[in-house]
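Read off the chains here:
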Amino acid sequence: MKEDVQVRIAGIAGDGSFITGEVLASLLKKIGYYVVTVKDFPSNIRGLPSNYTVRGSSKPVYGRNNYDDFLIAFDIPSIKTHLRDLKEGSVCIYDSRDGKELSDDLKKEGVFYVPLPLREIARKELGLELIKNMVASGVLSEIFGVDEEITDRVILENFKRKGEKVVELNKKAVLKGRELVRENHGRFPEFKLRKYNDPGRVLAMGNDFVSMGAIAGGCRFLAAYPITPSSEILEFLSKEMKKFGGAAIQAEDEISSINMAIGASIAGLRAMVASSGPGVALKTEGLSYAGMTETPLVIYYAMRVGPSTGLPTKTSQEDLLYIIFAGHGEFPRLILMPATPDELFYLTAEAFNFAEEFQIPVIILTDQFLAQNKFTIDKEKIDPKKVEIRRGKLVLNGNDIPRNNGFLLRYKIEEDGISPRIIPGIKEGVFGTTGYEHDEAGYGTEDEDNRVSMVKKRMSKIKHLIKRVPPPVLYEKKNAKIGIISAGSTFGPIMETMERLEKDGISVSFLRIVTLWPFPEDEVRKFVEDKEKIFIVEQNYKGQLRFLVENAIIDIHKNKIRGITKFSGRPFKPLDIEEKIREELK
Amino acid sequence: MSEILSEVKVRTPKDYEGYKKPTWCPGCGDFSILSSLKKVAAEIGLDPVKTVVVSGIGCSGKSYAFFYANGVHTLHGRVLPVATGIKLGNPELFVIGLSGDGDALAIGGNHFIHTARRNVNIKLIIMNNQIYGLTKGQFSPTSNHGFVTVSSPYGSVEFPVDPVILALASGASFVARAFSGEPNSLTEIIKEAFLHKGFSVIDVLSPCVTYNKVNTYDWFRENIEFLPNGHDKENLTEAFTYATSFKGKIPIGIFYKKERPTYEELILDSSNPCREDLYCGRERVYELIETFSK
Chain Z
1467 MKEDVQVRIA
1477 GIAGDGSFIT
1487 GEVLASLLKK
1497 IGYYVVTVKD
1507 FPSNIRGLPS
1517 NYTVRGSSKP
1527 VYGRNNYDDF
1537 LIAFDIPSIK
1547 THLRDLKEGS
1557 VCIYDSRDGK
1567 ELSDDLKKEG
1577 VFYVPLPLRE
1587 IARKELGLEL
1597 IKNMVASGVL
1607 SEIFGVDEEI
1617 TDRVILENFK
1627 RKGEKVVELN
1637 KKAVLKGREL
1647 VRENHGRFPE
1657 FKLRKYNDPG
1667 RVLAMGNDFV
1677 SMGAIAGGCR
1687 FLAAYPITPS
1697 SEILEFLSKE
1707 MKKFGGAAIQ
1717 AEDEISSINM
1727 AIGASIAGLR
1737 AMVASSGPGV
1747 ALKTEGLSYA
1757 GMTETPLVIY
1767 YAMRVGPSTG
1777 LPTKTSQEDL
1787 LYIIFAGHGE
1797 FPRLILMPAT
1807 PDELFYLTAE
1817 AFNFAEEFQI
1827 PVIILTDQFL
1837 AQNKFTIDKE
1847 KIDPKKVEIR
1857 RGKLVLNGND
1867 IPRNNGFLLR
1877 YKIEEDGISP
1887 RIIPGIKEGV
1897 FGTTGYEHDE
1907 AGYGTEDEDN
1917 RVSMVKKRMS
1927 KIKHLIKRVP
1937 PPVLYEKKNA
1947 KIGIISAGST
1957 FGPIMETMER
1967 LEKDGISVSF
1977 LRIVTLWPFP
1987 EDEVRKFVED
1997 KEKIFIVEQN
2007 YKGQLRFLVE
2017 NAIIDIHKNK
2027 IRGITKFSGR
2037 PFKPLDIEEK
2047 IREELK
Chain X
418 MSEILSEVKV
428 RTPKDYEGYK
438 KPTWCPGCGD
448 FSILSSLKKV
458 AAEIGLDPVK
468 TVVVSGIGCS
478 GKSYAFFYAN
488 GVHTLHGRVL
498 PVATGIKLGN
508 PELFVIGLSG
518 DGDALAIGGN
528 HFIHTARRNV
538 NIKLIIMNNQ
548 IYGLTKGQFS
558 PTSNHGFVTV
568 SSPYGSVEFP
578 VDPVILALAS
588 GASFVARAFS
598 GEPNSLTEII
608 KEAFLHKGFS
618 VIDVLSPCVT
628 YNKVNTYDWF
638 RENIEFLPNG
648 HDKENLTEAF
658 TYATSFKGKI
668 PIGIFYKKER
678 PTYEELILDS
688 SNPCREDLYC
698 GRERVYELIE
708 TFSK
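Read top to bottom, the protein sequences are chains Z and X. Positions 1467 to 2052 (my numbering) are the ones given, in order, by the first sequence. Positions 418 to 711 (my numbering) are the ones given, in order, by the second sequence.
FYI, nobody ran anything at the bench for these hints, they're computed from the structure. Please read all numbers here as calculations on a predicted model, not as lab measurements. Ideal Cβ placement from N, Cα and C applies to all residues, glycine included. Fair warning: there could be bad hints in the mix.
Distance condition first, Cα-Cα at most 27 Å in a straight line; then the derived DSS-like pairs of lysine-lysine [as the list claims (entries may be wrong)]:
#, chain 1, residue 1, chain 2, residue 2
1, X, 650, Z, 1638
2, X, 437, Z, 1878
3, X, 614, Z, 1893
4, X, 650, X, 630
5, X, 456, Z, 1893
6, Z, 1845, Z, 1859
7, X, 711, Z, 1525
Examples of chain Z residues lying across from chain X (beta carbon under 10 Å, computed) [claimed, not checked]:
#, residue
8, 1682
9, 1723
10, 1754
11, 1845
12, 1872
Sequences and hints are given; from them, build the entire structure.
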């Protein structure tokens, strides 16, 4: 009975790897496994290599494992591509369409190779070659010992939109796959999965958790321009926002989208934009404007590989320093980096509170891996009722605040740097706002003393903000001399690395940054001081998180720091981290 | 209109005086636009509390400070997206956009096209002086071909964009042109634009007395011609005909006016997001969570 299984389905885009992966993910969830998916698809619609990895585990998992237990290859080149992720005991099921022997360079010792005429069966017996992927799903279902009743249910849920005929055809294809295994018993290794009761866990992609968090957090306006890997937010909220009186807009460009959101926020709504690097680059003038006008705004930023267009569908953490410093001039901002489904949900909801309470832009920084892959979570771990809505110093009657020349003091100087927030249409009074340096009433002035007090007013928010933001999460092992620091999606593989090292008696503690900015200098310094060696795990070349850590600690600790970076566009595997640490400890 | 005709105490143009006195050059065409704006506001009883003036960058951008209403001074070219956001955020607000020719048609050209085709209920006044004044005299997208400026020393090789033709082509539901030097017709046109429901564009020829020595008040008086009274404003073809060729002169007047559903009506189904309870989405999130946990 296996408690952890990883399957990769590979072919060219259009082969149906994606659907097979989705169906498999649902199946695993239904037999009570925690699931994580890793989509690796090209920036192309059809014809280029693509693959989809599904991992199921009896324990919560947030990343892929080191090796695949199964590779379903719809073409021979896919075997070559993914050979390095197969190990002794792995199974490679491939479409034997040309009947040729596999060449030696595709054969790895200890791997079971099972050629199956997937295409041929699909074409001859089901009348549709395309459905070979569901034959493959049947093969896996039978090997894993999943009940037919469960596969039928998953197929119904996945295909009912397409009509009864499609559902029946898919069921038939799955059955064909099952028969293949039964008839060829002995060619397949024993790989029955343990069956748990499905507690009805949530299985959704990161962007879905963010969208749900936004709704729960009272977001009533989204403006976005389609861009990978954040488009699903626009798609999700376009469908949902209308249902509770809000609007989700597909703007004409990225610049328009941030300015629309700023307008909606000025009008009093909780507003958000969703984008990625190339889009955020265009949004920076708006970011800076939100900073000067102190307009609450939530920016969802899913990083992808750059520079420029880079690898649009691949993951990275290359924009940490960029988003900390993006925008001209100086102004406070908050950057949150969720790592788990519940954080994606709650931190998004909470971002709107921070944005309104401090009247600043708040950035939810994720990456393609978190944004577009699916994760399971126990339902009770995301509870919309636990989401508070705090609107800060929102003024509803103009008579409550002083005026100048008849205009309300929207930018009144207060000790905590946070002025009364006025929206148009409130009882009594009007106000002004501008991207120019302005006086308390919101009208441009170049007066030197005013400039100094306004800068101090805005920047003084930071010291109050620091006390309120989510602190780093510490995963501590007793007497650990080694520490890991990371932020965001590297969480899963790091946790697994720690477990594996622990088994060999190597204790490692882990400090996970949740608030990237303002950078949690005190916590980081304390963590580093306690350790003999620190590994900073991040998905970029330069070591951007390392830069921030080194900036926060005292010089004498710098020689403890080692970077573990990956910038191939693919997420870390535990082994990537483990090997580097072991090497360093030799 | 009923929502903006509330019980305001203000009724005379003087009551709409802003936070500051205008800082434009003496003789600037923008003064006339501002005073027409105030006159119209007084006539229709515009409620300043429910009005937002959104301006961009340049001489026109400063207008937000010269009019008594909520004022949002945005970035260069971004008047329309910000105004759209405001209108969608609270459709009960009366939103006036004040842009220059560079603001509306160069850096904001894309937004201009898309706001027009969406028909957001925003009143856009383009203070068109055919030059960049605040940055000291570079050519603008409405400058004439051959126009000599500091950035076109050999004469502009570009041909001007016509805001009226562009607005018509982009689907604006109200399109007009006025001239600062003709305050009566300017006021009438602004009033009609304000009473129109939908995206209203008024291209106002507004001479820059400091940097544009060609398109002066006198030059305009010789080169403009009013559209005939009997012109069928709902006829788009006729509007194009007048806009593209009219006795060899610059036509002034309302070219086109035809109501159709506004963007905010279509997007919001007549609800007002600002009035919604922020907790109201919670129950729906439970339902969504259920759909993901099947």
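Hint check results:
1. 650/X to 1638/Z: violated, 64 Å
2. 437/X to 1878/Z: holds, 18 Å
3. 614/X to 1893/Z: holds, 25 Å
4. 650/X to 630/X: violated, 34 Å
5. 456/X to 1893/Z: holds, 24 Å
6. 1845/Z to 1859/Z: Violated, because 34 Å separates the two Cα atoms, which is more than 27 Å.
7. 711/X to 1525/Z: The given pair, whose Cα atoms are some 20 Å apart, holds under the 27 Å limit.
8. 1682: Holds: closest Cβ of chain X sits about 5 Å from residue 1682/Z, inside 10 Å.
9. 1723: holds, 8 Å
10. 1754: holds, 9 Å
11. 1845: Given a least distance of 6 Å, the restraint on residue 1845/Z holds.
12. 1872: holds, 7 Å
The structure fails to meet hints 1, 4, 6 from the earlier list, while all remaining hints are met.
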